[in-house]
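> Sequence:
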Amino acid sequence: MAIKRVLKIHDVLYRCGISRSSVYRLMSKGHFPSQLRLSPEGRSVGWLEEDIETWISGRKSVNDGKFI
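Position 2, counted from 1, in the sequence shown is what the UniProt record's numbering calls 2; the numbers after and before it change by one each time, with no gaps.
Don't read these hints as lab results, they were simulated from the structure.
Only true hints are included.
Here are the simulated BS3-like pairs of lysine-lysine, each with C-alpha atoms no more than 30 Å apart in a straight line:
| # | residue 1 | residue 2 |
| --- | --- | --- |
| 1 | K29 | K4 |
| 2 | K29 | K60 |
| 3 | K8 | K60 |
| 4 | K29 | K8 |
Pairwise CB distance ranges (calculated):
| # | residue 1 | residue 2 | range |
| --- | --- | --- | --- |
| 5 | K60 | P40 | 35 to 45 Å |
| 6 | S21 | M1 | 30 to 40 Å |
| 7 | E49 | K29 | 19 to 29 Å |
| 8 | P40 | G17 | 28 to 38 Å |
| 9 | Y24 | E49 | 16 to 26 Å |
C-beta atoms are modelled at their ideal positions from N, C-alpha and C, and glycine is treated no differently.
Using the sequences and the accompanying hints, generate a full structural model.
In structure tokens form, the structure reads like this:
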């Protein structure tokens with residue numbers, strides 16, 4: 001069984017090269033991986049590394065001249 005790594009928001013922003021507001025805007029439109037609650041209160045959230053890597057790979061393959 002592979003270990004699944006969880007990324008916090010600052011890691012996601014660095015890897016994706018987009019702003020925090022862009023992450024949440026894209027999530028609200030269903031164009032970005034959903035976050036996971038890491039605490040019962042929901043104050044700590046993260047994203048699966050494999051989901052973020054898949055999203056980045058998908059963005060690299062899109063070459064239609066449109067910006068997100």
